[in-house]
Amino acid sequence: MVSTFVRNEKYKLLATLIIASFFLFFWIKGPLQQTLEIINLETEETEYAKPIMVGEKSINQDGYGTVEDQETHGYGHGLILDKKGEEHDFAMLGNDEEAFSKSEEAAEKVLAHARELLGKDAELELKATSEMYYVAANDGSNMLYIESRGIVQGIRGYAGPVHIGLFVSEGGTIRSVHHISSKETESYLQKIQRTGFYAQFEDIKISGEHEVDAVSGATLTTEAIAETATALISFSSDEPLANFATLDSIDAFSVEAKLTWWWILHISVIFLIFLYGYLKRIKKSKRAIIILSALSVLYIGFFLNNSFTYISFIHPFVGTSVSSLVGLYALFTLLGAIWGKNTYCKYVCPFGNVQRLILQITPKKATAKFPLSNKWIKRARGAITVVLIVGVLIGLRNWSNYELFPDLFGLDFASAWLFVSLATVLMTIRYPMIWCRLLCPTGSVLDFISDVVNYKPKRR
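In this note's numbering, each residue's number is its place in the sequence shown (first place is 1) plus 1.
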């Protein structure tokens, strides 16, 4: 018995060392997949090495194909010995986004979005440079409208790129910033809108360095929006902005979204909840648990809506950085799984605590035993988790929105997912803690870690 205890303690210490090293490495170095920034690129063209469009079979009128097209159709030959396919005319290669920025579809969308934002009666004129389409407002407002899709690449939010539109005034300031499209969770986008994040960009000069306040609980998305605005303005600075805006001097433009120091208060509250759950010396009465659950739901859930999920562990591997708040949150969660047998799920998670509070007012006669045994419930949850993690790692980033946490606490009544999340937590009246036991991938990951470090071999 003593030897088993000592072995488990060694496992816990080893797991703590690995996780601490992992945490520090990614906090200092950032995510593994980084997009390299090309500082200067010079090309030399001669009459013998100049990209030209040949024939009438090129993929579009600009002579641009995509890497994806060539990977699919090839150049009429391959490494595998096979029949030579039909030869195709050659064209310059770009990716789908680059091709989009020069397409007729891009022109139509840019004009349609500008009209939608300014109103149907706005006097607008679609214009183009050699690299992009933009819209000029000729109704006295003296603004240009530009969009990031096809222009800005390599910047990711929580679930991928966030495409935005920008209005720039003739005086050289940003008039407004607008979300155009993304795969971000709808409740996070609503929260960003409600907190006035976009209003912070108004009257920022398109020259020099600037800062805006990131939105706690939607840090990754707001950081991505600021980075995208930076890249879009920088790309457009020579043309069309330089010929449109009047500025005394033009300096390199950047805008950065940073969390205010309030994040320290937020992480301190979260840490204290973890500490309360971990310390075995503190007697945890029923009343205290109810108070703690209510605090979790109100503060972490509705106030912060800071969704901590299994995706937070995957971010460093798919090229997404994490904020200090999320990084420390992840560290506490992992240490709670090692030393506290999943402290997060037992005491901290607002989604789980909503279900616990519901059970407090649910008559015992209303509950029923779930048809599956606990063994098969655990297996089903594990299978769901594996499928989701593999899907996200191979590029299906919208699968990261599987968790219903943000939908419940976002209270977006226009979203059907709010009602799905409400129905899910209300199912706990019939089947207690049904989400946590059967459907939650975060709980599955944390329980797996806890089971590994607390493993006890069966005696024969």
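It is worth saying that the hints were derived from the structure and are not from the lab. Glycine residues also receive a C-beta, built at the ideal position from the N, C-alpha and C atoms. Honestly, I wouldn't trust all of these hints.
Cβ-Cβ distance ranges computed for the label pairs, FRET-style [claimed, not checked]: (1) Ala113 - Lys285: 56 to 64 Å; (2) Gly209 - Glu126: 25 to 33 Å; (3) Met428 - Tyr300: 39 to 47 Å; (4) Lys366 - Val391: 19 to 27 Å; (5) Asp239 - Phe303: 28 to 36 Å; (6) Phe303 - Gly120: 32 to 40 Å; (7) Gly120 - Met428: 27 to 35 Å; (8) Lys365 - Gly120: 53 to 61 Å.
Each hint tested on the structure:
1. At about 57 Å, the beta-carbon gap between Ala113 and Lys285 stays in the expected band of 56 to 64 Å.
2. Between Gly209 and Glu126 the C-beta distance comes to about 29 Å, which sits within the given range of 25 to 33 Å.
3. As the Cβ distance of Met428 to Tyr300 is approximately 25 Å, the hint placing it in 39 to 47 Å is violated.
4. About 41 Å separates the C-beta atoms of Lys366 and Val391, a value inconsistent with the hinted range of 19 to 27 Å.
5. Asp239 and Phe303 have their C-beta atoms about 46 Å apart, which leaves the hinted 28 to 36 Å range violated.
6. In this structure, Phe303 and Gly120 meet the distance hint of 32 to 40 Å, their C-beta atoms being roughly 35 Å apart.
7. With their beta carbons about 45 Å apart, Gly120 and Met428 fall outside the hinted range of 27 to 35 Å.
8. Look at Lys365 against Gly120: about 58 Å separates their beta carbons, and that is inside 53 to 61 Å.
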